[in-house]
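Asker: If you read the protein sequences in the order shown, they are chains E and F. Heads up, the first sequence is in my numbering, so the first residue is 4 and it goes up one at a time. Heads up, the second sequence is in my numbering, so the first residue is 20 and it goes up one at a time.
Hints listed in this document are in silico derivations from the structure and should not be mistaken for laboratory results. Source: prediction; values computed, not measured. Ideal Cβ positions, reconstructed from N, Cα and C, are used throughout, including at glycine. One should not assume that every hint holds.
[Said to hold, decoys possible] Calculated pairs, SDA-like style, for lysine to any residue (alpha carbon to alpha carbon, straight line, at most 25 angstroms): (1) Lys278(E) <-> Tyr19(E); (2) Lys132(E) <-> Ser120(E); (3) Lys331(F) <-> Val183(E); (4) Lys224(F) <-> Leu551(F); (5) Lys376(F) <-> Lys132(E); (6) Lys400(F) <-> Ile189(E); (7) Lys376(F) <-> Glu186(E); (8) Lys376(F) <-> Arg184(E); (9) Lys400(F) <-> Gly16(E); (10) Lys400(F) <-> His17(E).
[Unchecked claim] Facing chain F, a subset of chain E residues (Cβ under 10 angstroms, in silico): (11) Ser18; (12) Ala141; (13) Thr179; (14) Leu197; (15) Lys278.
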Amino acid sequence: MARAATSRRSFLGHSYNLVGVVASLVILAWTVVAIFAPYIIPHPIGDIVDDDYFGPMRQGLWLGSDYLGRDMLSRVLMGARYTVGISLAAVSIACFSGVVLGMIAAVTGGWLDTCLSRFLDAMNSIPSKLFGLVVVAAVGSSIPVLILTLAVIYIPGAYRFARALAVNINTMDFMTVARVRGESTIYLIGSEILPNIIRPVLADFGLRFVFIVLLLSGLSFLGLGLQPPLADWGALVRENIGGLPFAAPAVIVPSLAIASLTISVNLLIDNLPQKIRDRDA
Amino acid sequence: MSMTNLVEVRNLRIEATTDAGRVVEIIKGVSLDIADGEIIALIGESGSGKTTVALSLMGYARPGCRITGGEINVNGKNMAALSEKERARLRGTDIAYVPQSAAASFNPSSTIMEQVIEVTRIHKLMPPEQARKRAVELFRALSLPDPEGIGARYPHQVSGGQLQRLAAAMALIGDPKLVIFDEPTTALDVTTQIDVLKAFKSVMKAGGIAGVYVSHDLAVVAQIADRIVVLKGGEVQETGTTGEILSAAQHPYTRELLAAFEPKPRQAQADADAATKELLRIDNLTAGYGPVRGDGLPLIRAVQSVSMVVEKGRNLGIIGESGCGKSTLARVIAGIHPAAAGEIVFDGKELERAARKRSQDQLREMQIVFQYADTALNPAKPVEDIISRPLAFYHRLDRQARSKRVDELLDMVRLPRALRYRHPSELSGGQKQRVNFARALAADPKLIICDEITSALDTVVASAVIELLKELQRELGLSYIFISHDLSVVEAICDKIMVMYNGERVEQITPDNVKAPTHPYSKLLFSSVPKLDPTWLDGLVRDPELVSQYGHR
Chain E
4 MARAATSRRS FLGHSYNLVG VVASLVILAW TVVAIFAPYI IPHPIGDIVD DDYFGPMRQG
64 LWLGSDYLGR DMLSRVLMGA RYTVGISLAA VSIACFSGVV LGMIAAVTGG WLDTCLSRFL
124 DAMNSIPSKL FGLVVVAAVG SSIPVLILTL AVIYIPGAYR FARALAVNIN TMDFMTVARV
184 RGESTIYLIG SEILPNIIRP VLADFGLRFV FIVLLLSGLS FLGLGLQPPL ADWGALVREN
244 IGGLPFAAPA VIVPSLAIAS LTISVNLLID NLPQKIRDRD A
Chain F
20 MSMTNLVEVR NLRIEATTDA GRVVEIIKGV SLDIADGEII ALIGESGSGK TTVALSLMGY
80 ARPGCRITGG EINVNGKNMA ALSEKERARL RGTDIAYVPQ SAAASFNPSS TIMEQVIEVT
140 RIHKLMPPEQ ARKRAVELFR ALSLPDPEGI GARYPHQVSG GQLQRLAAAM ALIGDPKLVI
200 FDEPTTALDV TTQIDVLKAF KSVMKAGGIA GVYVSHDLAV VAQIADRIVV LKGGEVQETG
260 TTGEILSAAQ HPYTRELLAA FEPKPRQAQA DADAATKELL RIDNLTAGYG PVRGDGLPLI
320 RAVQSVSMVV EKGRNLGIIG ESGCGKSTLA RVIAGIHPAA AGEIVFDGKE LERAARKRSQ
380 DQLREMQIVF QYADTALNPA KPVEDIISRP LAFYHRLDRQ ARSKRVDELL DMVRLPRALR
440 YRHPSELSGG QKQRVNFARA LAADPKLIIC DEITSALDTV VASAVIELLK ELQRELGLSY
500 IFISHDLSVV EAICDKIMVM YNGERVEQIT PDNVKAPTHP YSKLLFSSVP KLDPTWLDGL
560 VRDPELVSQY GHR
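Using the sequences and the hints given, assemble the complete structure.
Answerer: What follows is the structure in structure tokens.
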């Protein structure tokens, strides 16, 4: 943060502000951690390295130890892998399917639009946590099941959002021009509509990512997420909840990790770089 | 100079800050005077700063703009130096504003009367009872129908022309000394425009109120203004009485404006004697909206049994007021809105009614160009992508051939080649319309349907576009169907003119006998087109029976 703290700066034809830059640095840092976690953790995540449980922060165990005396730093770093990875996979599937279906519904209209909309509205009416509980109870908890469940839960929202945007674009004259030219639906959604809604869709992607991180953490907290010895941040909070009376870092650190990631994503969405339209500048 | 004038603007400078933080001077030292009771017109093309100057008289600068220098003395007070609170006190009482689109300026959820007398409540000018009485007087003075009862209606229950006059009533109720009219008739039909202009003129004269009339239509301005100020690039180009400007304009830009009004000699078609071949024939075409009834026709019919013929290399004009079905007809021919009944024969073959059932070649040979280039061009794509899509889609050209052809097409529509990398938002209105047209040309069509393509452009730009269309026709042997509400535009380019009213074709004429239409509606329509002559509006006598039958007041 050694740079000048001007409120907006410009770079490559876009203007940025400081909050957005800081937020994206935090997200970038967590991403790097998620990718390289196995190579940077000081101790294997299953090894008991402390004679005490809920040990304090000290040299060698920078974030203290957990309820079994395992190294907390290693577990949080590896937890980033699962929290960021599972959420990213789920949000990608949810947004891709939702946005594609939403654009198709808007462009095609008629009975396809009606059927899709009503079906997904019905899906939307199922409480998300309950849906997750039922699925995990029925087929058991594994990473692919978690990813798919989370994706299915968030498809209806992405669909509604994309459809609402695409319906507005669909009434523009350039859509009529493309239709009378004889263009296919795939061209219409990919080439005419998508470029016009991509920014709000990306913002929605970020927001939905946050929802999924929180839902995944919630499921893990309830014991339905990742199973031991693997642990994402939500599971870390749950297994160390007993440390709360001892003011153990083991319970507060994963909570801070969840907060730092979700708040950064939100701040980034609110402060996305803006394209400068003034060409002569 | 002593303060003898109501308005004295001296060396006004206004700056705007772009999103890159660059400061641009948009008004560069404008000075003007308005005497008591005088109406001056600010004219100029879009971007000339005419609206910015007009708004500055209220001490207002749009977001991102700043009044940086000069004086704006209105009724002895310098609007540029006052605080926002003091300005607010003068707005509505000393200075009032009539916006371009009254329809967008009224609140749809409260009655007209409440909105008209709102100013008297804000400034505590008079008790509500008295304000209502005053409003009814104004409604009467503005020759609104049912002056007693119209105030109880909601904005959507009156017509566009009436709403525009109601906006004037709203401005006049605070007894202002100066009223600013911001293109108040641009969105109206010619037949309606006359009523609105007449009403404005008589109230302003009767009350001795000074006015600023912002417009790009010289003929309209000629009817209402005492003096004309011509702006371009944020500077005053020329000032003079209306008579002086119309008869002896000095500045090249003013002359250009005037020249756009001169009837251009139509060159006789080179192949006039050659037997003309039919390109498009339409027989008894009917189309509309709403549920289909027993006879297979829709409930609301926008187009009723229209027949017409377009010959190869010739142009057909379709003219009529808004809501007459001319745009629906264009969409029906193009297959966007399939007809309910009737036949379309194109180039010897009968066409399917719906575009998606037509063959690719049939789609290619008939192109449609829409009125608003803003919505007809995808804002997310650069110009080259927009123009090269038909080349890839219809002609299957490879990347290199497309790129070459895009250059040729840009040359054809007289746009610099460098514009190909720009996005539509970075082009002017006229440039966008040229790109819109270039895309249609890229398909290599035989017929281009032009739906009001010059309506959103100012006079000078529009006449340049028309000239371009004529040239391209000579080079490429195209045919146009030219739809417009503006007779002078249609006259300039078409071989035949079809007049539509209420979904039906009422008459077909040629430009040579346009002075003598036979159908009563055509007579009303043609006599309503403003002329440059300042005495035209006052001298205009319209058959009251015709007006009540066909004019939508």
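Asker: Each hint should be assessed against the structure and marked as holding or not.
Answerer: Hints versus structure:
1. Lys278(E) <-> Tyr19(E): holds, 9 angstroms
2. Lys132(E) <-> Ser120(E): holds, 22 angstroms
3. Lys331(F) <-> Val183(E): Holds. Lys331(F) to Val183(E) sits at ~22 angstroms (cutoff 25 angstroms).
4. Lys224(F) <-> Leu551(F): holds, 21 angstroms
5. Lys376(F) <-> Lys132(E): It is violated: about 48 angstroms lies between the C-alpha atoms, which goes past 25 angstroms.
6. Lys400(F) <-> Ile189(E): With Cα atoms ~17 angstroms apart, Lys400(F) and Ile189(E) stay inside 25 angstroms; holds.
7. Lys376(F) <-> Glu186(E): Within the cut-off at roughly 12 angstroms; holds.
8. Lys376(F) <-> Arg184(E): Distance of about 12 angstroms is within 25 angstroms: holds.
9. Lys400(F) <-> Gly16(E): holds, 17 angstroms
10. Lys400(F) <-> His17(E): Since the Cα atoms of Lys400(F) and His17(E) sit roughly 18 angstroms apart, the hinted pair holds (cutoff 25 angstroms).
11. Ser18: holds, 7 angstroms
12. Ala141: For Ala141(E), the interface hint is violated, since the closest Cβ of chain F sits about 44 angstroms away, which is over 10 angstroms.
13. Thr179: holds, 6 angstroms
14. Leu197: holds, 8 angstroms
15. Lys278: holds, 9 angstroms
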